[in-house]
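Trainee: The chain contents come next:
Protein chains: 2
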Amino acid sequence: MRKAAFMKIRIHVSLKPGVLDPQGRAVHHALEGLGFAGVDDVRIGRLIELELADNTSDDAIAEMCEKLLANTVIENYRIEKVAA
Amino acid sequence: MRKAAFMKIRIHVSLKPGVLDPQGRAVHHALEGLGFAGVDDVRIGRLIELELADNTSDDAIAEMCEKLLANTVIENYRIEKVAA
Chain A
1 MRKAAFMKIR IHVSLKPGVL DPQGRAVHHA LEGLGFAGVD DVRIGRLIEL ELADNTSDDA
61 IAEMCEKLLA NTVIENYRIE KVAA
Chain B
85 MRKAAFMKIR IHVSLKPGVL DPQGRAVHHA LEGLGFAGVD DVRIGRLIEL ELADNTSDDA
145 IAEMCEKLLA NTVIENYRIE KVAA
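Protein chains in written order, with the numbering used here: chain A, 1 to 84; chain B, 85 to 168.
Okay, chain A solo, but in the shape it has when bound:
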């Protein structure tokens, strides 16, 4: 029997342009408060690293994003297959 093989997938979730990012603004103000100049904008997103069975289909991964990992009303997501 073939030993189960896994693949590493990264999901990059970020707020859609135009969506207010209070967390990003708080970090922006904190950076300026620490004296860092030249910071024009800060946006905070999520980086989800998945170890999946290597026979998991692209459709299943997209479905995971649509149903749970990203709030597609206000967020975009990008699926990245990490070289083993």
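Honestly, the hints are just simulated from the structure, not real lab data. A few of these clues could be false.
As the list claims (entries may be wrong) - Far from chain B by the CB rule (all over 12 Å, computed), these chain A residues:
| id | residue |
| --- | --- |
| 1 | 50 |
| 2 | 64 |
| 3 | 74 |
To be verified - Have a look at the derived ranges for each label pair, beta carbon to beta carbon:
| id | chain 1 | residue 1 | chain 2 | residue 2 | range |
| --- | --- | --- | --- | --- | --- |
| 4 | B | 118 | A | 40 | 38 to 48 Å |
| 5 | B | 151 | A | 40 | 10 to 20 Å |
| 6 | A | 58 | B | 109 | 37 to 47 Å |
| 7 | A | 30 | B | 89 | 21 to 31 Å |
| 8 | B | 165 | A | 34 | 15 to 25 Å |
| 9 | A | 78 | B | 109 | 15 to 25 Å |
| 10 | A | 32 | B | 118 | 39 to 49 Å |
| 11 | A | 34 | B | 138 | 14 to 24 Å |
| 12 | B | 158 | A | 82 | 19 to 29 Å |
Everything numeric in this text was worked out from a predicted model, so none of it was measured. C-beta atoms are modelled at their ideal positions from N, C-alpha and C, and glycine is treated no differently.
Since the structure of chain A is provided, determine the placement of chain B on it from the hints.
Mentor: Showing chain B alone in chain A's frame:
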């Protein structure tokens, strides 16, 4: 006078191996609850997108990470310069 030019930087912040990730485990259980098979592990990190003046030094960016953007006791960070 030269118009201020900005560059896009992405900071990938992830928990160090071995550090417990309760958020990742919650998502893992939720995926299984939705019927997705073959999920071996889930780790959640942060994706911070910065628009910085293009004369910001690498040292200054690293200092932003060390002082604010990452908790270096339990997190690793990777700085990515995004092509304009």
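Trainee: When the hints from earlier in the document are held up against this structure, which numbers fail?
Mentor: 1, 2 and 6
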